[in-house]
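A.B. asks: Take a look at the letters that make up each chain.
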Amino acid sequence: MTTSFAGRVHPFTAGTVTLVLIFLGVLAPAPSGPPLLYAAVCLLAIVTGVGRAVLHALVVVVPLWVLLFIMHGILGEAPYLTAPWGGTLSVAGMAWGVEQGSRLAAIVTASLAFARAFDPHRFLQAAIARKWPFSAAFLIVATLDAMSRFGQQATRLREAQRTRGLKVRGSLATRARAIPALVFPLLLASLTEADERALALETRGLTATGPRTAIDPPADHLLERVVRWMAVTALLAIIIWRVRA
Amino acid sequence: MAINLVIGRIVAELALPVYLDTLGTMLVAILAGWRGGLLVGSISQLLAGMLSGYQWIAFMPIQWLIALLAGGAAQGKGFAGAWRSGAWGALCGLLCGACSAAISYLLFRGVTAGGVTAVGALLRSLGASLPVAVTAASISTDLLDKTAAFVLVGFLLRALPRRILGRFPLAARAVDR
Numbered sequence: 001m002t003t004s005f006a007g008r009v010h011p012f013t014a015g016t017v018t019l020v021l022i023f024l025g026v027l028a029p030a031p032s033g034p035p036l037l038y039a040a041v042c043l044l045a046i047v048t049g050v051g052r053a054v055l056h057a058l059v060v061v062v063p064l065w066v067l068l069f070i071m072h073g074i075l076g077e078a079p080y081l082t083a084p085w086g087g088t089l090s091v092a093g094m095a096w097g098v099e100q101g102s103r104l105a106a107i108v109t110a111s112l113a114f115a116r117a118f119d120p121h122r123f124l125q126a127a128i129a130r131k132w133p134f135s136a137a138f139l140i141v142a143t144l145d146a147m148s149r150f151g152q153q154a155t156r157l158r159e160a161q162r163t164r165g166l167k168v169r170g171s172l173a174t175r176a177r178a179i180p181a182l183v184f185p186l187l188l189a190s191l192t193e194a195d196e197r198a199l200a201l202e203t204r205g206l207t208a209t210g211p212r213t214a215i216d217p218p219a220d221h222l223l224e225r226v227v228r229w230m231a232v233t234a235l236l237a238i239i240i241w242r243v244r245a
Numbered sequence: 001m002a003i004n005l006v007i008g009r010i011v012a013e014l015a016l017p018v019y020l021d022t023l024g025t026m027l028v029a030i031l032a033g034w035r036g037g038l039l040v041g042s043i044s045q046l047l048a049g050m051l052s053g054y055q056w057i058a059f060m061p062i063q064w065l066i067a068l069l070a071g072g073a074a075q076g077k078g079f080a081g082a083w084r085s086g087a088w089g090a091l092c093g094l095l096c097g098a099c100s101a102a103i104s105y106l107l108f109r110g111v112t113a114g115g116v117t118a119v120g121a122l123l124r125s126l127g128a129s130l131p132v133a134v135t136a137a138s139i140s141t142d143l144l145d146k147t148a149a150f151v152l153v154g155f156l157l158r159a160l161p162r163r164i165l166g167r168f169p170l171a172a173r174a175v176d177r
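Going down the list, the sequences are from chains A and B. For the first sequence, the tail end lands on 245 under our numbering, and the numbers increase by one without skipping. For the second sequence, the tail end lands on 177 under our numbering, and the numbers increase by one without skipping.
Hints in this document: simulated from the structure, not taken from any laboratory. Quick caveat, the model's predicted, so the values are computed rather than measured. Please note that a few of the clues may not be correct.
Using C-beta positions, here's what the derived DEER-type ranges look like [to be verified]:
#1 A:R177 - B:L94: 21 to 27 Å
#2 B:R167 - A:I239: 36 to 42 Å
#3 B:D176 - A:A160: 22 to 28 Å
#4 A:V62 - B:L106: 39 to 45 Å
#5 B:P61 - A:A136: 17 to 23 Å
#6 B:A159 - A:L206: 26 to 32 Å
#7 A:I240 - B:R9: 19 to 25 Å
#8 A:G151 - B:Q75: 29 to 35 Å
#9 B:L94 - A:R204: 22 to 28 Å
#10 B:L94 - A:V62: 52 to 58 Å
#11 A:T192 - B:S125: 44 to 50 Å
Chain A is faced by these chain B residues, among others (derived, beta-carbon under 7 Å) [said to hold, decoys possible]:
#12 L5
#13 L16
#14 Y54
#15 L106
#16 L107
#17 G110
#18 V111
#19 G114
#20 V119
#21 L122
#22 L126
#23 P161
#24 R177
All residues carry an ideal CB built from backbone N, CA and C; glycine is no exception.
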């Protein structure tokens, strides 16, 4: 994860650039702004070594594009143009679909590229070095850790329940009946685990107050700080421009 | 928080018309109070954004509403029986559905998650206007989702051993023990 350029930069730099791109996704003026932004985000992801996020984002975005096409292109308001297959398409609906589809694609790609570059432990070290509230930073890191653990536990549980005869495919009623068998054990296990972890972390001084020492804080070069400030300044300038326009 | 995300994924794999991706928020609001629920809801929405796109952060007020209502239901012994849980769930579904419809229509013009948008598209094809289709789709799916979530959490709380319930006074009150 940290071998890519995006993974090697300071976590706050990656976070700031992502945040700015997301805001730009909302603010970019139509019609050409959103598609251009999406292209720029894809290019940035590829150049910084997290190009797989572009493909991963397509998995999330393509269903949204299809739904936009159906909801606004096919079922949109008049005036209509003739579609190549003989039906009609809403002119305004198609324009909105392209605009919104590009905005969503830019935001999803930026988010997933950030997720690909994000190293929770580097982020925690950076937060400690900056004297951010430790509990808030730790909550994010602990949740990401717990997510992968619970995800694996959920997979094991699902397989175990299937060997005991649980059906996870079939009619709606059959699938709905599978919910308690999959969800209850996971919820109970999470309650027990949360209890044990809280005790373990408390005895290790997690709730202690006072300054903490970052053992291995990521380097924060001057150039990166300049990039962060420039990104935020550019965003503010765009907000002012858009409000005035 | 992790429970919200993992259970949401399990249920999505079952391809059911519910999400159940707020069980963690509800559970924490019942065990630790609505403030804990607000925190969990906010952070899990942030992390969900990291995994599927930050555009869904617009729906964070839904998480807050769920935390407040689950906390309120716990105070009002709303998980003492299946019918009471279901009634609180239906109330939560109606309010969350209305709030979700407003966000979905104003910011996304009705195109959000697959299931709810498919219902909206079906209603549009039957001649409903966009605002009506989005509102009906959001309220119907949220009504189903939140009712199922409250009933599930109610069953879970009532099944908890007294040893665990004893450590969470609000949860004990929620199931009237």
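A.B. asks: Evaluate each hint against the coordinates.
C.D. replies: For each hint, the structure was consulted:
For the pair R177 (chain A) and L94 (chain B), the supplied restraint of 21 to 27 Å holds, since their beta-carbon distance comes to about 26 Å. Between R167 (chain B) and I239 (chain A) the beta carbon distance is about 48 Å. The supplied range of 36 to 42 Å is therefore violated. Between D176 (chain B) and A160 (chain A), the C-beta spacing of about 33 Å breaks the proposed range 22 to 28 Å. Checked against the hint of 39 to 45 Å, the pair V62 (chain A) and L106 (chain B) fails, with Cβ atoms roughly 24 Å apart.
For P61 (chain B) and A136 (chain A), the hinted distance range of 17 to 23 Å is satisfied, since their beta carbons lie about 20 Å from each other. As the Cβ distance of A159 (chain B) to L206 (chain A) is approximately 30 Å, the hint placing it in 26 to 32 Å holds. At about 41 Å, the CB distance of I240 (chain A) to R9 (chain B) disagrees with the hint of 19 to 25 Å. A C-beta distance of roughly 33 Å is found between G151 (chain A) and Q75 (chain B), which places it inside the suggested range of 29 to 35 Å.
Taking the beta carbon of each, L94 (chain B) and R204 (chain A) are about 45 Å apart, not inside 22 to 28 Å as hinted. A hinted range of 52 to 58 Å is violated for the C-beta pair L94 (chain B) and V62 (chain A), which are about 33 Å apart. Checked against the hint of 44 to 50 Å, the pair T192 (chain A) and S125 (chain B) passes, with Cβ atoms roughly 48 Å apart. A cut of 7 Å between beta carbons decides the hint on L5 (chain B): the least distance to chain A is about 6 Å, and the hint holds.
Checking L16 (chain B) against chain A by beta carbon gives a least distance of about 6 Å; that is within 7 Å, so the hint holds. With 7 Å as the threshold, the beta carbon of Y54 (chain B) comes within range of chain A, its nearest partner Cβ sitting at about 5 Å, so the hint holds. A least Cβ separation of about 13 Å between L106 (chain B) and chain A goes past the 7 Å threshold, and the interface hint is therefore violated. The interface hint given for L107 (chain B) is broken, as the beta carbon of that residue sits about 9 Å from the closest beta carbon of chain A, more than 7 Å.
Interface hint at G110 (chain B): satisfied, since its Cβ lies 6 Å from the closest Cβ of chain A, which is below the 7 Å cut-off. Annotation: V111 (chain B) was flagged as interfacial toward chain A, and the flag holds, the nearest CB pair being 5 Å apart, inside 7 Å. For G114 (chain B), the interface hint holds, the least distance from its beta-carbon to any beta-carbon of chain A being 6 Å, beneath 7 Å. The interface hint given for V119 (chain B) is violated, since its Cβ lies 11 Å from the closest Cβ of chain A, which is over the 7 Å cut-off.
For L122 (chain B), the interface hint is violated, since its Cβ never comes within 7 Å of a Cβ in chain A; the closest pair sits about 10 Å apart. Hint status for L126 (chain B): violated, given a least beta-carbon distance of 10 Å to chain A, over 7 Å. A distance limit of 7 Å between C-beta atoms decides the matter here; for P161 (chain B) the minimum to chain A is near 10 Å, and the interface restraint is violated. The beta carbon of R177 (chain B) comes no nearer than 16 Å to any beta carbon in chain A, farther than 7 Å, and the hint placing it at the interface is violated.
Comparing the model with each numbered hint stated earlier shows that hints 2, 3, 4, 7, 9, 10, 15, 16, 20, 21, 22, 23, 24 do not hold.
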